[in-house]
Amino acid sequence: MQVAKHWRMKAQRYYMGQDGVAPATTTQQNAEDFQFNGRGEIYSYSTVYDAPAGYEGQAPYTVALVKLQEGPLVTAQLTDIDEDELRIGLPVEMTTRKLLTEGEEGMIVYGYKFRPSF
Amino acid sequence: MTVAIVGLGQTSVGEHWDVSLRHLAWQAIERALDDAATTDIDALYVGNMLASKSSHQDHLGALIADYSGLRGVEAVAVDAGEASGAVAMRQAVLAVMSGQIRTALVVGVEKATDQTGSESLSSQSTGLDADYETVHGLTPAAMAGLMMRRYMHENEVGVAEFANFSVNAHANGGKNPLAMFRNRFRAEKFTKAPLVADPVSLFDASPVGDGAAAVVITSQERAMDMVPQPVRVSGSAVATDAFALADRQNPLWLKAVELSSERALRQAGLAIEDVNLFELHDSYTIMSTLALEAMGLADPGRGWKLAAEENILDGRLPMSTFGGLKARGNPLGATGIYQIVEVAHQLRGSAGANQVADVKVGLAQNIGGTGGTAVTHVLQID
Amino acid sequence: MTTLEQNNKDETLLRPVNPVGIVGYGAYVPRYRIEATEISRMWTGGKGGVPIKEKAVNGLDEDVTTMSIEAARNAVNRSQVNPHDIRAVWVGSESHPYAVKPTSTIVAEAIGAVPNTQAADWEFACKAGTEAMQAGIGLVGSGMGKYALSIGMDTAQGRPGDALEYTAAAGGAAIMLGPAAEAAVVINASFSYVSDTPDFWRRAHAQYPSHGDRFTGEPAYFKHVIGASETLMEKMGRTAADYRWVVFHQPNAKFPMRAAKMLGFQPEQYEAGLLSPRIGNTYSGAAMIGLTAILDVAQAGDRILMVSYGSGAGSDAFDLEVTEKIDEIRDRAAKTEDYIARRKLIDYATYARFRDKLKG
Numbered sequence: 300m301q302v303a304k305h306w307r308m309k310a311q312r313y314y315m316g317q318d319g320v321a322p323a324t325t326t327q328q329n330a331e332d333f334q335f336n337g338r339g340e341i342y343s344y345s346t347v348y349d350a351p352a353g354y355e356g357q358a359p360y361t362v363a364l365v366k367l368q369e370g371p372l373v374t375a376q377l378t379d380i381d382e383d384e385l386r387i388g389l390p391v392e393m394t395t396r397k398l399l400t401e402g403e404e405g406m407i408v409y410g411y412k413f414r415p416s417f
Numbered sequence: 481m482t483v484a485i486v487g488l489g490q491t492s493v494g495e496h497w498d499v500s501l502r503h504l505a506w507q508a509i510e511r512a513l514d515d516a517a518t519t520d521i522d523a524l525y526v527g528n529m530l531a532s533k534s535s536h537q538d539h540l541g542a543l544i545a546d547y548s549g550l551r552g553v554e555a556v557a558v559d560a561g562e563a564s565g566a567v568a569m570r571q572a573v574l575a576v577m578s579g580q581i582r583t584a585l586v587v588g589v590e591k592a593t594d595q596t597g598s599e600s601l602s603s604q605s606t607g608l609d610a611d612y613e614t615v616h617g618l619t620p621a622a623m624a625g626l627m628m629r630r631y632m633h634e635n636e637v638g639v640a641e642f643a644n645f646s647v648n649a650h651a652n653g654g655k656n657p658l659a660m661f662r663n664r665f666r667a668e669k670f671t672k673a674p675l676v677a678d679p680v681s682l683f684d685a686s687p688v689g690d691g692a693a694a695v696v697i698t699s700q701e702r703a704m705d706m707v708p709q710p711v712r713v714s715g716s717a718v719a720t721d722a723f724a725l726a727d728r729q730n731p732l733w734l735k736a737v738e739l740s741s742e743r744a745l746r747q748a749g750l751a752i753e754d755v756n757l758f759e760l761h762d763s764y765t766i767m768s769t770l771a772l773e774a775m776g777l778a779d780p781g782r783g784w785k786l787a788a789e790e791n792i793l794d795g796r797l798p799m800s801t802f803g804g805l806k807a808r809g810n811p812l813g814a815t816g817i818y819q820i821v822e823v824a825h826q827l828r829g830s831a832g833a834n835q836v837a838d839v840k841v842g843l844a845q846n847i848g849g850t851g852g853t854a855v856t857h858v859l860q861i862d
Numbered sequence: 194m195t196t197l198e199q200n201n202k203d204e205t206l207l208r209p210v211n212p213v214g215i216v217g218y219g220a221y222v223p224r225y226r227i228e229a230t231e232i233s234r235m236w237t238g239g240k241g242g243v244p245i246k247e248k249a250v251n252g253l254d255e256d257v258t259t260m261s262i263e264a265a266r267n268a269v270n271r272s273q274v275n276p277h278d279i280r281a282v283w284v285g286s287e288s289h290p291y292a293v294k295p296t297s298t299i300v301a302e303a304i305g306a307v308p309n310t311q312a313a314d315w316e317f318a319c320k321a322g323t324e325a326m327q328a329g330i331g332l333v334g335s336g337m338g339k340y341a342l343s344i345g346m347d348t349a350q351g352r353p354g355d356a357l358e359y360t361a362a363a364g365g366a367a368i369m370l371g372p373a374a375e376a377a378v379v380i381n382a383s384f385s386y387v388s389d390t391p392d393f394w395r396r397a398h399a400q401y402p403s404h405g406d407r408f409t410g411e412p413a414y415f416k417h418v419i420g421a422s423e424t425l426m427e428k429m430g431r432t433a434a435d436y437r438w439v440v441f442h443q444p445n446a447k448f449p450m451r452a453a454k455m456l457g458f459q460p461e462q463y464e465a466g467l468l469s470p471r472i473g474n475t476y477s478g479a480a481m482i483g484l485t486a487i488l489d490v491a492q493a494g495d496r497i498l499m500v501s502y503g504s505g506a507g508s509d510a511f512d513l514e515v516t517e518k519i520d521e522i523r524d525r526a527a528k529t530e531d532y533i534a535r536r537k538l539i540d541y542a543t544y545a546r547f548r549d550k551l552k553g
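Those protein sequences? They're chains A, B and C, same order as listed.
Heads up: the first sequence begins at 300 in the working numbering, then just goes up one per residue.
Heads up: the second sequence begins at 481 in the working numbering, then just goes up one per residue.
Heads up: the third sequence begins at 194 in the working numbering, then just goes up one per residue.
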């Protein structure tokens, strides 16, 4: 179980706050208050058929680089999307979902994923 | 001070079910020490990626020194993901160059099969960003998939265009008795291969296996007295880049590859055109493509073309001459040392059926993660 | 007459010291649907009638927490309340992902309401969400806090082959309560009607609920829904004709339609809020998401009667009145019908996988 590790990341995971951004690369003033609006488009994507431990139950699942409207890329899973909808440039929006569950009795880890924009 | 390689050793790459991590390392070390005809070692550098996960074993420096009959020597293990082997080499080179260490032994060892299935895949993913990549279910193949899809989109190329990297790697691997896969590969089958992480298929991806490779290095001056054909390490450079793929200015540009090859060639006083042979990090066909572009061997968007035109034993720039990661196999933290051993064999003329004619300058390049670390070594023979 | 005098006049109804209303609302329905005929194909060879057309199913990565977060974000966006001013985040559900550890703290954190807030999970079968609303009215109406967010959300469990499997669905809504002066909907009064009635339950470690079959009807659902409705209407001096809209707890299509008829309501009064034929029974979310669907189409001045039902058993009834603010807030988030229109049909095998019914 990695309770503290996931807890530490919650601001990042729940609303893509700025936790975890390398201090030396933060150029924006008041960066700690900055929050992305959660909208962007698919920059690239890949559907994973061979899943690592803890993710087998989700396979196949699609991961993506999402280009946020503010500019940066973010790596995340896509959800609520079918194979025939996948294309580079598709508008997507952030949603909070289960990322993984640490077994039957462990912690449930929530975080951002992206889905086709409403 | 110039550093030279005086001993080479390697095991076959594959599923060594009956051999332990330490014994596998020893097999390569024994051969390298025999090759150098010495047991007079001052320091041991170990490159490894998975042992802490797959074998529940850290502290590999002392462990392998002890098992190899080298108790008392200075020893340390180096971690840089899949680039661990070449980074260990770099540390050994620096140590010898400093004059503090006279003769160093470098071993890259991986015992991947102590874990299997999804657990193994989790361990193999630890060279990625745990907080921003792997927590979202990404694996090395998924990262390659993201790069390959974007590359195909930007350059309007299809999956089939990458086939020749694997076809050529297997053609060369077929002649290497130590290779994990020695079967021939037909380009026509490429587009029908089972998907690992779309668009990356089994035919794009290198197979992870167990293996160990070792080299003995010392000063060029001393090397001349030890062996008939010392291989000179004329360039050795490590470079890093934004760790997570999403943080790169351009996810299709391997900045660490560009920097490390520039630095290594500058140390050697050579240009890329002077290179006769290139053992590249063909973990995925897209990684080969991007490395060739970052090194200036191909224009951006054209790296895949070199597979069709050059990547054969008698081409202008032979690559993956013993099968590369794709056919020889990818023993992760040992891969970087395999590449160095293979280039050294080519320079010495001891490459057997895989021998490339007239090789004077060879390059070995090892990449960790999605390019967070890249290591380039220039090897020469006089 | 002052508020206090009004309260003293009749102690049956629940009326806070300070008037309270709905300042924001948000719905959530997951994307997946399974047709009832697909379920009957498994268990009856497709023979016989089905209680609804189809039901909403949560995806593999969804649970009451994630669904509540989205509904809560919609409610926050509609209300434009600063999350730091929300003094309670209460989630009513019978499918909280953890047996011990609140859903509500995760939701509160995700919408930025922490740390100065109440947070707790409510349980009262299908009326846990409206119970959280009653409590929210109390919190805001007493002046303890300016805003309270009450959520009813479920990913309901139905034993394979059981009658409940046709209807047990996923979805719900979040209601932001605040001062009536700022509200899009004023809450004129509410009422709760409960008794010990063992019509439906799930024991502590059971995966699926058990129920009394036909006992769930007359002595359970109808007795409490009709009892709560009649008392509220009588004490408010209203008849069915005084309401533009009505919404009941909707375990299927038949029960709420029959309750409406018994109370003298017409189809045009209940149709907008009757979602169960298209999304199933969202349990704690059912009455509340019916309300959000009504608010998406209601006009200023419309009166609404909302009556929930929870097994065990009890009903919460609310007398609501829409204000002009409704036009301002309606379009600030996705509407209930937008979620219903976002629809992907799945077969029983996929449903079994999504609902973790594959053991073994």
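Incorrect hints may have been included.
Some, not all, of what chain A presents toward chain B, calculated at C-beta under 8 Å [unchecked claim]:
1) A310
2) Y313
3) Y314
4) F335
5) A350
6) L364
7) Q368
8) T374
Short derived list, chain C residues pointing at chain A, Cβ under 7 Å [said to hold, decoys possible]:
9) T259
10) G430
11) A433
With beta-carbon atoms standing in for the labels, derived distance ranges [stated by the list, open to error]:
12) B:T596 with C:G410: 48 to 58 Å
13) B:N635 with C:D540: 31 to 41 Å
14) A:D383 with C:E521: 54 to 64 Å
15) A:D383 with B:M577: 17 to 27 Å
16) B:T596 with C:A542: 44 to 54 Å
17) B:D520 with A:G370: 37 to 47 Å
18) B:Q747 with A:G388: 41 to 51 Å
19) C:Y291 with B:D779: 54 to 64 Å
20) A:G388 with B:R746: 34 to 44 Å
To be clear, the hints were calculated from the coordinates, so they are not data collected in a lab.
Everything numeric in this text was worked out from a predicted model, so none of it was measured.
Don't be surprised by glycine CBs; every beta carbon is placed ideally from N, CA and C.
Outcome of the hint check:
1. A310: violated, 12 Å
2. Y313: Constraint on Y313 of chain A not satisfied, violated at 13 Å.
3. Y314: Not OK, violated: Y314 of chain A not within 8 Å of chain B, min 15 Å.
4. F335: At 13 Å from the nearest chain B Cβ, F335 of chain A fails the 8 Å test, so the hint is violated.
5. A350: This hint holds: A350 of chain A lies near chain B, its Cβ roughly 6 Å from the closest one there, short of 8 Å.
6. L364: Constraint on L364 of chain A satisfied, holds at 5 Å.
7. Q368: violated, 15 Å
8. T374: Holds, about 5 Å.
9. T259: Given a least distance of 5 Å, the restraint on T259 of chain C holds.
10. G430: violated, 42 Å
11. A433: At about 36 Å, which exceeds the 7 Å cut-off, the nearest Cβ of chain A leaves the hint on A433 of chain C violated.
12. B:T596 with C:G410: 48 to 58 Å: holds, 55 Å
13. B:N635 with C:D540: 31 to 41 Å: holds, 39 Å
14. A:D383 with C:E521: 54 to 64 Å: violated, 39 Å
15. A:D383 with B:M577: 17 to 27 Å: Violated: the Cβ-Cβ distance is about 57 Å, outside 17 to 27 Å.
16. B:T596 with C:A542: 44 to 54 Å: 28 Å Cβ-Cβ, so the 44 to 54 Å window is violated.
17. B:D520 with A:G370: 37 to 47 Å: About 57 Å separates the Cβ atoms of D520 of chain B and G370 of chain A, which means 37 to 47 Å is violated.
18. B:Q747 with A:G388: 41 to 51 Å: Holds, since Q747 of chain B and G388 of chain A (Cβ atoms, about 43 Å apart) stay within the stated range.
19. C:Y291 with B:D779: 54 to 64 Å: The hinted range 54 to 64 Å holds for Y291 of chain C and D779 of chain B, with Cβ atoms some 55 Å apart.
20. A:G388 with B:R746: 34 to 44 Å: Hint holds: Cβ distance 40 Å, inside 34 to 44 Å.
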